[in-house]
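Put the two chains together into one complex, using the hints given.
What follows is each chain in one-letter form.
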Amino acid sequence: DQQVKQNSPSLSVQEGRISILNCDYTNSMFDYFLWYKKYPAEGPTFLISISSIKDKNEDGRFTVFLNKSAKHLSLHIVPSQPGDSAVYFCAASYGSWGKFQFGAGTQVVVTP
Amino acid sequence: GAGVSQSPRYKVAKRGQDVALRCDPISGHVSLFWYQQALGQGPEFLTYFQNEAQLDKSGLPSDRFFAERPEGSVSTLKIQRTQQEDSAVYLCASSSPVKDISSSPLHFGNGTRLTVT
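Line by line, the protein sequences give chains A and B.
Going by our numbering, the letters in the first sequence line up with residues 1 to 112, in that order.
Going by our numbering, the letters in the second sequence line up with residues 1001 to 1117, in that order.
Bound-form chain B, shown alone (with noise of 0.2 Å):
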């Protein structure tokens, strides 16, 4: 089947201008994951889903970002007034809420690369 969606895949955004990074997960994975990609470095957690739960935010980097997840499918990344640090890829990532990994990662998507000038 499908795998992660995410759009648009490029966004170039003047300093100040709000935008908005759509991912749809792989069908029937109730948990979702938002992550940030910096140049150079590892991806670093935003935040989670459980259905339309959002259970951890504890990664988001300010109180401009937003993220939410209405019906449980669909998730959208928001970001108010962007600076130039928000400059990055944005990963969404969908598994089973199992335990066992071997059968269940995360699967991401190709990510949103974000410059904002």
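Chain A with its partners taken away, still in its complex shape (with noise of 0.2 Å):
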């Protein structure tokens, strides 16, 4: 039962530009959500958080939107760098910390 879901297997942005990365999910029950980051052959880096209590976070060019009421999440980032390139998940939980729901990821290339 896939709770988390990234309906974009792959994006391509040019260097300067906004890239817009999706997320649904169906557990209305979730109260955290993450974004981490992952390069060939390393593990998830995290990116950033945001609670259910807020609907925006922003951390430098990484900015995350939540929706609650249409259980979707975005994550901005602007402008988009080269070393942006890499695969991102998206991931929630609730109650049971660390215990996070991934979705499948989205691939991220950016070009000059």
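Simulated from the structure, these hints should not be mistaken for lab results.
Mixed in with the good hints, there may be bad ones.
Chain B is faced by these chain A residues, among others (derived, beta-carbon under 10 Å) [to be verified]: (1) L34; (2) K38; (3) T45; (4) S49.
Here are the simulated DSSO-like pairs of lysine-lysine, each with C-alpha atoms no more than 30 Å apart in a straight line [as the list claims (entries may be wrong)]: (5) K1078(B) / K71(A); (6) K56(A) / K99(A); (7) K99(A) / K1011(B); (8) K99(A) / K1057(B); (9) K1057(B) / K1078(B); (10) K99(A) / K68(A); (11) K5(A) / K54(A); (12) K54(A) / K71(A); (13) K71(A) / K56(A); (14) K56(A) / K5(A); (15) K54(A) / K99(A); (16) K1078(B) / K99(A); (17) K1011(B) / K1078(B); (18) K1057(B) / K1014(B); (19) K5(A) / K1057(B).
Here a beta-carbon is modelled for each residue, glycine too, at the ideal position from N, C-alpha and C.
See the structure below:
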């Protein structure tokens, strides 16, 4: 039962433009959402998080938006840089901290 | 300081063999997690320790999977009688047990890629 879905397996964006990554979830009990970034042959690295009591969280070039009524999460990267080329996973949890449900990931390629 | 360390990085096992995967968490992190990542998928939760206590093992796919953390630091994930469907990257993560996730997200190791032939 896939409760967190990333429906776009890949995204190509020009350097300097905005990258928008989307994530949908089905479980209304989720209370924390996170984005992780993963380079090949490395483990996922924490990027940014948001609690269900907020609708936006910003950290430098990264902003996460949460729309609880739509059960939708998005990550905006502005401006996109070549080093942002990686796989991005959204994850959600409730209750038991650390027991996350991950989406399948979106491969982002930033072109010069 | 050092991050989460996993060994071996790669493991090839013949079907039916037993394997043991090791995880050294970040020093001082009491919470330790194991995740399994199949090709093209996101990580899936396997089990969770707080210190030496295994508090949740609901994600272990079968009784062939066993995890331990006897002294509350290093953890070992053991898979008995490996099957081809066990082929995946096994990720270990650690964190502090605080609820403020902005200061204590999961810190993942680089994983062990297990291939069962």
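Hint check:
{"no.": "1", "hint": "L34", "result": "6 Å, holds"}
{"no.": "2", "hint": "K38", "result": "9 Å, holds"}
{"no.": "3", "hint": "T45", "result": "7 Å, holds"}
{"no.": "4", "hint": "S49", "result": "5 Å, holds"}
{"no.": "5", "hint": "K1078(B) / K71(A)", "result": "37 Å, violated"}
{"no.": "6", "hint": "K56(A) / K99(A)", "result": "23 Å, holds"}
{"no.": "7", "hint": "K99(A) / K1011(B)", "result": "26 Å, holds"}
{"no.": "8", "hint": "K99(A) / K1057(B)", "result": "11 Å, holds"}
{"no.": "9", "hint": "K1057(B) / K1078(B)", "result": "13 Å, holds"}
{"no.": "10", "hint": "K99(A) / K68(A)", "result": "20 Å, holds"}
{"no.": "11", "hint": "K5(A) / K54(A)", "result": "21 Å, holds"}
{"no.": "12", "hint": "K54(A) / K71(A)", "result": "13 Å, holds"}
{"no.": "13", "hint": "K71(A) / K56(A)", "result": "14 Å, holds"}
{"no.": "14", "hint": "K56(A) / K5(A)", "result": "20 Å, holds"}
{"no.": "15", "hint": "K54(A) / K99(A)", "result": "21 Å, holds"}
{"no.": "16", "hint": "K1078(B) / K99(A)", "result": "20 Å, holds"}
{"no.": "17", "hint": "K1011(B) / K1078(B)", "result": "13 Å, holds"}
{"no.": "18", "hint": "K1057(B) / K1014(B)", "result": "26 Å, holds"}
{"no.": "19", "hint": "K5(A) / K1057(B)", "result": "24 Å, holds"}
Checked against the numbered hints given earlier, the structure breaks only hint 5 and satisfies all the rest.
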